[in-house]
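Participant: Using the sequences and the hints, build the whole thing.
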Amino acid sequence: MDRVHNPDARNFISPEIDLRNLLTEWIELGADENINAKTDLAPLMDVSPAIIDELEAVCSINNLTCEDEPVQFLPTNVRKPKNEPMEYVAPVNHNLQCLKVKEALNEKRAPRSCIDRKVLNHADKFRFSDPNLTPSGTKNDVKTTLGSELVVQVTLYQPYKKQTGSKYIRELKVTKEKKKKKKILKRFETLTNLMLQMEQQIVVLGSQKLTALRDRFVCLADISVTEDLSENPDLSNLTKAKDIYTSGLFYINGTLYDDMRNPQSRANSGAIVEWANQYPDMEIGPFETKLMEETRFIDLKVRLGYPYLYQHQGDCEHLLVFQDIRLMNSEDCPDINKYPIVTSISCRKRVICMVCHLLTAKWVTSGNQRVPADPFFFCDSCFRQFNYDKNGQKIGQFFAQPFVDRSALL
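Residue numbers for the sequence shown follow the UniProt record's numbering, so the first one is 1 and each next one is one higher.
Bear in mind the hints are in silico, worked out from the structure with no lab data behind them. Any given hint might turn out to be false.
Keeping only pairs whose Cα atoms sit at most 25 Å apart, straight-line, the calculated PhoX-like set for lysine-lysine is [as the list claims (entries may be wrong)]:
#1 K209 x K290
#2 K349 x K362
#3 K242 x K362
#4 K209 x K242
#5 K240 x K394
#6 K209 x K349
#7 K240 x K349
#8 K390 x K362
#9 K290 x K301
#10 K209 x K338
#11 K242 x K390
Simulated DEER-style distance windows between Cβ atoms [claimed, not checked]:
#12 S207 x S265: 16 to 26 Å
#13 L64 x L29: 27 to 37 Å
#14 K394 x E283: 45 to 55 Å
#15 K394 x N106: 45 to 55 Å
All of these numbers come straight from a predicted model, not from anything done at the bench. Yeah, the Cβ is synthetic: ideal placement off N, Cα and C, and Gly gets one too.
Facilitator: See below:
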């Protein structure tokens with residue numbers, strides 16, 4: 001696969017990292033967060049303790065003060081209890097136009113408790129978890145391994161479909177006697193509808209197995225219902241797709257990892273290996289095959305920034321990128337039982353009903369001749385009023401499935 005991605009020519013892709021060797025080297029360094037400047041930093045920097053004292057004095061924050069600097073500052077903000085807007089305190093009896101505008105804005109947004117989330121969704125690509133959340137449980141329940149555990153940050157992207165009719169340019173190598181040119185074999189695709197967007201960022205531990213990442217990642221394809229409910233929309237106890245199609249696969253650094261925990265799972269790697277062996281000129285293989293449930297992250301050799309693959313539900317494919325690898329420190333959640341942890345998700349806009357244009361879609365139909373689009377999204381009320389008569393009988397022919405909006409995930 002290096003022929004396809006050419007990692008050596010891309011500065012955002014790191015060299016190959018052996019996670020087990022990396023952890024061993026870090027532990028041998030004897031890293032400690034409680035560092036004594038004179039006894040520890042001086043040998044590491046190869047300078048005398050007197051130089052350390054001089055640097056500490058020169059870089060002191062007290063050197064940033066100036067003459068006649070005010071001692072007491074106005075508070076920039078006052079954190080209100082939950083569900084109350086953030087209030088900025090302005091001085092009394094002022095005549096500043098900017099503060100008047102700010103006061104008017106505070107009055108306007110006071111009754112709108114959801115404005116902070118809306119502004120964040122429109123102004124930022126990510127929506128982060130609540131920083132005010134506190135770990136549950138007592139201190140005795142917390143198991144921590146600070147300094148001896150790897151923390152791996154993984155980003156998974158939304159699945160995409162390539163446009164049909166992709167273009168291929170075949171440029172053959174031409175001898176100098178003919179055109180005195182040398183054209184290199186290239187292959188590119190039309191990327192009109194290919195827009196990579198982050199789905200979730202997840203933090204895992206090096207001691208965890210690959211199956212922990214798969215179980216923590218939430219995809220709409222896993223929780224969808226595959227059967228037709230147009231004849232009986234009130235049917236309960238529905239079987240989700242992840243319970244029917246249990247197979248899954250990771251491709252990481254030349255190795256295909258199958259999830260074979262369920263007896264009905266299939267090894268999807270077999271077809272890929274067979275296909276790669278049939279076309280050796282494409283230089284995609286060779287591949288190794290291992291089990292996902294027997295492999296830990298610390299056993300991997302990865303490149304940061306390199307696009308790997310998570311494939312499930314047959315043809316649902318997510319690009320998987322390792323973003324960061326580091327030692328666990330005091331800023332990480334100390335309870336290893338809570339990992340993997342979803343640290344951020346993408347900004348998500350809900351799919352609204354295509355009839356009332358108000359409510360979130362709950363049903364999706366296909367093959368419906370009575371609507372102008374295929375597929376067509378309905379809220380529950382519009383779905384029943386439009387597609388069924390007063391006796392609850394189905395009108396026309398169509399295929400109906402419950403629809404789970406992405407904005408409702410996590």
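Participant: Does each hint fit the structure? Answer for all of them.
Facilitator: Here is what the structure says about each hint:
1. K209 x K290: holds, 12 Å
2. K349 x K362: Judged against 25 Å, a Cα distance of about 15 Å means the pair holds.
3. K242 x K362: holds, 19 Å
4. K209 x K242: holds, 19 Å
5. K240 x K394: Holds: K240 and K394 sit about 24 Å apart, inside 25 Å.
6. K209 x K349: violated, 33 Å
7. K240 x K349: holds, 23 Å
8. K390 x K362: Measuring from Cα to Cα gives roughly 20 Å; hence the hint holds.
9. K290 x K301: Holds, because 14 Å separates the two Cα atoms, which is no more than 25 Å.
10. K209 x K338: Holds. K209 to K338 sits at ~14 Å (cutoff 25 Å).
11. K242 x K390: Distance ~35 Å between K242 and K390 Cα, so the pair is violated.
12. S207 x S265: 16 to 26 Å: Given about 24 Å between the Cβ atoms, the range holds.
13. L64 x L29: 27 to 37 Å: 32 Å Cβ-Cβ, so the 27 to 37 Å window holds.
14. K394 x E283: 45 to 55 Å: holds, 53 Å
15. K394 x N106: 45 to 55 Å: Distance hint for K394, N106 holds at roughly 53 Å.
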